[in-house]
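Enquirer: These protein sequence lines are chains E and H, in that order.
Letter by letter, the first sequence follows residues 71 to 184 of the working numbering.
Letter by letter, the second sequence follows residues 58 to 169 of the working numbering.
Please keep in mind that the hints were generated in silico from the structure rather than gathered at the bench.
Be aware that one or more of the hints could be misleading.
The list that follows gives simulated cross-link-like pairs (lysine-lysine, DSS-like), each with its CA atoms no further than 30 Å apart [claimed, not checked]: (1) H:LYS161 - H:LYS127; (2) E:LYS79 - H:LYS161; (3) H:LYS116 - E:LYS127; (4) H:LYS127 - H:LYS114; (5) H:LYS116 - H:LYS161; (6) E:LYS127 - E:LYS79; (7) H:LYS161 - H:LYS113; (8) H:LYS161 - H:LYS114; (9) E:LYS127 - H:LYS114.
A few chain E positions that, by computed beta-carbon distances, are all more than 10 Å from chain H [claimed, not checked]: (10) VAL74; (11) ARG92; (12) SER94; (13) LEU113; (14) ASP141; (15) ALA162; (16) GLY169.
Glycine included, every Cβ here is placed at the ideal spot set by N, Cα and C.
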Amino acid sequence: DSGVTQTPKHLITATGQRVTLRCSPRSGDLSVYWYQQSLDQGLQFLIQYYNGEERAKGNILERFSAQQFPDLHSELNLSSLELGDSALYFCASSAGQGGNSPLHFGNGTRLTVT
Amino acid sequence: TQLLEQSPQFLSIQEGENLTVYCNSSSVFSSLQWYRQEPGEGPVLLVTVVTGGEVKKLKRLTFQFGDARKDSSLHITAAQTGDTGLYLCAGGGASGNTPLVFGKGTRLSVIA
């Protein structure tokens with residue numbers, strides 16, 4: 071058990087809809103990362119927050135947004151969903167904010183857009 | 058953009074065989090991490106290597122970081138069915154401040 075909790079585990083929705091994915095980091099970790107995993111693209115970094123502030127941005131679409139709350143949990147909002155957004159979305163946390171800190175991953179949210 | 062290429066993409070072997078998977082880049086990394094991911098779960102960290110030429114062993118798994126810190130390899134001795142999974146390498150940027158970049162992984166299947 072990594073200590074990172076993601077909900078929901080599965081999500082099925084229609085094109086054009088909006089969904090929110092939730093992540094609770096491991097106790098004591100200040101950094102939260104969001105990754106998208108698809109078969110052809112692998113694990114793609116979306117965005118990182120550290121102690122409530124946006125720290126780094128990757129290949130995140132403008133239709134997607136995220137935030138980290140004072141209690142350090144994070145939410146990833148996906149709007150105007152398209153078929154191509156179907157993927158596994160992982161949250162990870164780490165104690166530090168740099169790229170050398172080991173990541174602890176949740177078990178992901180499988181999003182299916184129909 | 059730093060890219061990590063992993064090879065082979067797929068590998069299917071018999072139990073008891075040895076194997077090596079590779080992680081290559083044209084970029085220098087401050088560290089290299091290896092993760093294993095099983096179906097329905099998130100990646101789990103196996104090891105971190107930080108020094109060029111470093112070798113780390115984890116039971117039957119041997120990890121090596123290239124001298125120039127641009128590549129890494131994972132060698133498994135006498136593979137077992139429990140080694141089945143997706144092996145991902147991830148590199149920390151040279152400055153150490155950028156988020157990890159992941160390769161696409163090697164999907165290993167060990168058959169009894």
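Enquirer: Now look at each hint and say whether the structure bears it out.
Expert: Structure-based check of each hint:
Distance restraint check for LYS161 of chain H and LYS127 of chain H: the Cα-Cα separation of roughly 16 Å lies within the 30 Å cut-off, and the hinted pair is therefore satisfied. As the CA atoms of LYS79 of chain E and LYS161 of chain H are separated by approximately 23 Å, the hinted pair is consistent with the 30 Å bound. Restraint check: the Cα-Cα separation between LYS116 of chain H and LYS127 of chain E comes to about 37 Å, which exceeds 30 Å; the hinted pair is violated. Simply put, LYS127 of chain H and LYS114 of chain H have alpha-carbon atoms about 19 Å apart, close enough for the 30 Å limit, and the pair holds.
Between LYS116 of chain H and LYS161 of chain H the alpha-carbon distance is near 25 Å, which keeps this suggested pair within the 30 Å criterion. Only pairs whose Cα atoms come within 30 Å are accepted, and LYS127 of chain E paired with LYS79 of chain E is accepted, the gap being roughly 24 Å. Straight-line distance between C-alpha atoms of LYS161 of chain H and LYS113 of chain H comes to about 22 Å, which keeps the hinted pair within the 30 Å bound. Restraint check: the Cα-Cα separation between LYS161 of chain H and LYS114 of chain H comes to about 23 Å, which is no more than 30 Å; the hinted pair holds.
Of the pairs offered as hints, the one joining LYS127 of chain E and LYS114 of chain H is violated, with about 34 Å between alpha carbons and a cut-off of 30 Å exceeded. Some Cβ of chain H comes within 10 Å of the Cβ of VAL74 of chain E; the nearest lies about 7 Å off, and the non-interface call is violated. Listed as outside the interface, ARG92 of chain E is consistent with that label: its C-beta sits roughly 15 Å from the nearest C-beta of chain H, beyond the 10 Å cut-off. Interface exclusion of SER94 of chain E from chain H stands, the closest Cβ pair being 14 Å apart, more than 10 Å.
Distance to chain H contradicts LEU113 of chain E as a non-interface residue, since its nearest Cβ pair spans about 4 Å, not more than 10 Å. Non-interface status of ASP141 of chain E relative to chain H is upheld: no Cβ of that chain comes within 10 Å, the nearest being about 21 Å off. Not every CB of chain H is more than 10 Å from the CB of ALA162 of chain E (nearest about 7 Å), against its label as outside the interface. Chain H draws GLY169 of chain E into its interface by the beta-carbon criterion, the shortest separation being 4 Å against a cut-off of 10 Å.
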